[in-house]
Amino acid sequence: MTGTEERLRDALYASASRVRDDELRPLAAPERRGSGRARRPVPGRRPWLPPLAAAASVALIATTVVVAGAYLHRHHTGGPGPAAGPPRYYATLAGNDNIDLQEVAVHATATSAVIASVPDPVSPLPPRTGTAAPPSNTATPRPHASLMPPLAVATGDDRTFYVVYAVQTEVGYRDLVIKSFHLSGAGQPSQLAQVKGGQLPGQGTGGTGLSAVGPRIGGFAVSPDNGKIALALKASSSSTASDEILVIDTRTGAHAVWRGGLDRANAGFAILGLSWTADGRSLAFLAQWCSPPRSAVSNIQTDLCGGTTRSAQVRELDTTSAGGSLSRARLLLAQSARYPYIARAVISPDGTSLTAILLSGPLPPDQGLGPYAPERLSVVRISVATGAVTGTLFQGVDPMSAYSALTVDSTGGYVMLTHADVYLRPGDTRYAAGWLDAGHFRRLPLNTGEAAW
Amino acid sequence: MISALFRQHHGDLVRLAVLLVGDLPTAEDVVQDVYASVHARWTRLPARDSGLSYVRAAVLNRCRSVLRRRRVASRVSLGFRAAEHTLASAEHEALLSEDRRQVLEALTRLPYRRREVLVLRYYFDLSEAEIAEALGISPGTVKSTAARGLAALARALGEQS
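Sequence order for the protein chains is A and B.
Residue numbers 29 to 481, in this note's numbering, belong to the letters of the first sequence in order.
Residue numbers 125 to 285, in this note's numbering, belong to the letters of the second sequence in order.
Honestly, the hints are just simulated from the structure, not real lab data.
C-beta: ideal position from N, C-alpha, C; glycine also.
Treat the hints loosely; a few may be bogus.
What the hints assert, rightly or not - What follows is a set of in silico ranges between Cβ atoms, one per label pair, in the way DEER data are often shown:
#1 ALA253(B) x ASP50(A): 31 to 37 Å
#2 ALA362(A) x ARG233(B): 43 to 49 Å
#3 ALA128(B) x ARG470(A): 56 to 62 Å
#4 GLU283(B) x SER411(A): 48 to 54 Å
#5 GLU283(B) x GLN423(A): 49 to 55 Å
Input sequences plus hints: build the corresponding full structure.
Okay, structure coming up:
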């Protein structure tokens, strides 16, 4: 045990020791929710604070947006015009420096500055069932309201952003819901709108109660015409990772599901990353197998295979059918001696090439902590027809490369590299978050979480 | 059953909450709220979940909600500050050595998830698998989060990690 660990353990025990069992306020069995409980007054607690703070928050955000919008209007009077450069804005899920619960922020690409925060929606918590009612679009908390943390963000056209929110209940995040907002030319987000077919009850926990409070979404992508949304989710409560693909038709609200067919004996299967072709018909995904499965150690599978054997494929699914087996997806690229570790891959709008994160080099020594994946990272373009690398966009070294996420703009020309993991890494100069601009790596702030443009 | 479980673990649950939210009154409220919530629907909960891990996760969720609301309040300071969620209150500081106070202050400045992992690991001695289950994350993420938390703590304390 290191000195830091010893000091931490000592301080925690000292701090916790002041809580004496015989001095605790007795627990009161609830006769009726909200009654009969005498709360001890807390210094600084103000019951009127949450609604006032939320209202002020809206005002503050609105002010920020107006100011930022005015600046952008002066400096960028043209349309989005992706051919003339990267998207003017991108959205991130960013953690707070103190509390890592995430929020959706809109950034100006030119400066990386946050120009607007998207207010979290809230939903009422029915008192007895713990199941949330359909959420509202307002940011003003009501009695028994629950905040809804965002889990994933994506856009297909660089302007209309879709966000997956978890609906919080007393015991966890049972349901997911998808909402959208549109950015004006000045970068101002619209009100959140409900997405047709975007209510996903039971997807938050996989139906296993608290054992999966933190829902894991293996991928989230929106077609360029905003007509289809795809998510990689857990097929059942026994799934250890995202192993099915759900496609939502946003015009009709219809769902189509692809699952099964790619399972291998004694291997854990996971779907990591989704991307659409421009016509909204084909969906590319990365399939990963860990052998033996991580579930042999725990019932929760990590994105990483750790010390187990890993293999991966990039496949393309024709989503015009009503669903079916994942085995119908066409193989585009497979792990091989040439590509020993394909961490992520997205398909180009015309479907002729892939942009992929490849990892290489020896595994770092196992120090009992941290991931087990090669640290050398390359972002390359690979021809679907020949399987050959046609260009290298970026090379770097990052100890957390395996957590990296790829986002490509609607033209396929601009690539953003971020970490799917949102934790801040102050002082870590090797952190590779940025976007690629004609061979130059435009570094983003260290606290950039998963991004969409 | 639920009442017996809470009677047996009441102190530990409050200690878990106090290490995360920082003050005893709020920590007691957190546990009371969870008790009220779970009490109402205990019989309908999945039998496969162990009672203690279920309740512990509910306490973690409620602590997260408390801190999230504090964050919203502190984001807009209207001439006042939201209740300070420091582990080292004035009363508490008097009981702690300077070294412990420094460690706790550094811990408070960590992102919440790292704090959760470090508290569960170094105070409650939970295994990685148990922490992963309580937080709904993978064991790999528990490992990396703990490593980062310790490294950040060491940096803040001027140590070599």
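* To do: Indicate whether the distance between the beta carbons of GLU283(B) and SER411(A) respects the range 48 to 54 Å.
  => holds (50 Å)
* **Consistency of beta-carbon spacing, ARG470(A) to ALA128(B), with hint 56 to 62 Å** => Since the Cβ atoms of ALA128(B) and ARG470(A) sit about 59 Å apart, the hinted range of 56 to 62 Å holds.
* Take a look at whether the Cβ-Cβ distance between ALA253(B) and ASP50(A) falls inside 31 to 37 Å. => holds (33 Å)
* Asked: When you take the CB atoms of ALA362(A) and ARG233(B), is the distance between them in 43 to 49 Å?
  -> Distance hint for ALA362(A), ARG233(B) holds at roughly 45 Å.
* Asked: Is it true that the C-beta distance of GLU283(B) to GLN423(A) lies inside 49 to 55 Å, as the hint says?
  -> With Cβ atoms ~33 Å apart, the hint is violated.
Of the numbered hints given earlier, the model fails hint 5 alone.
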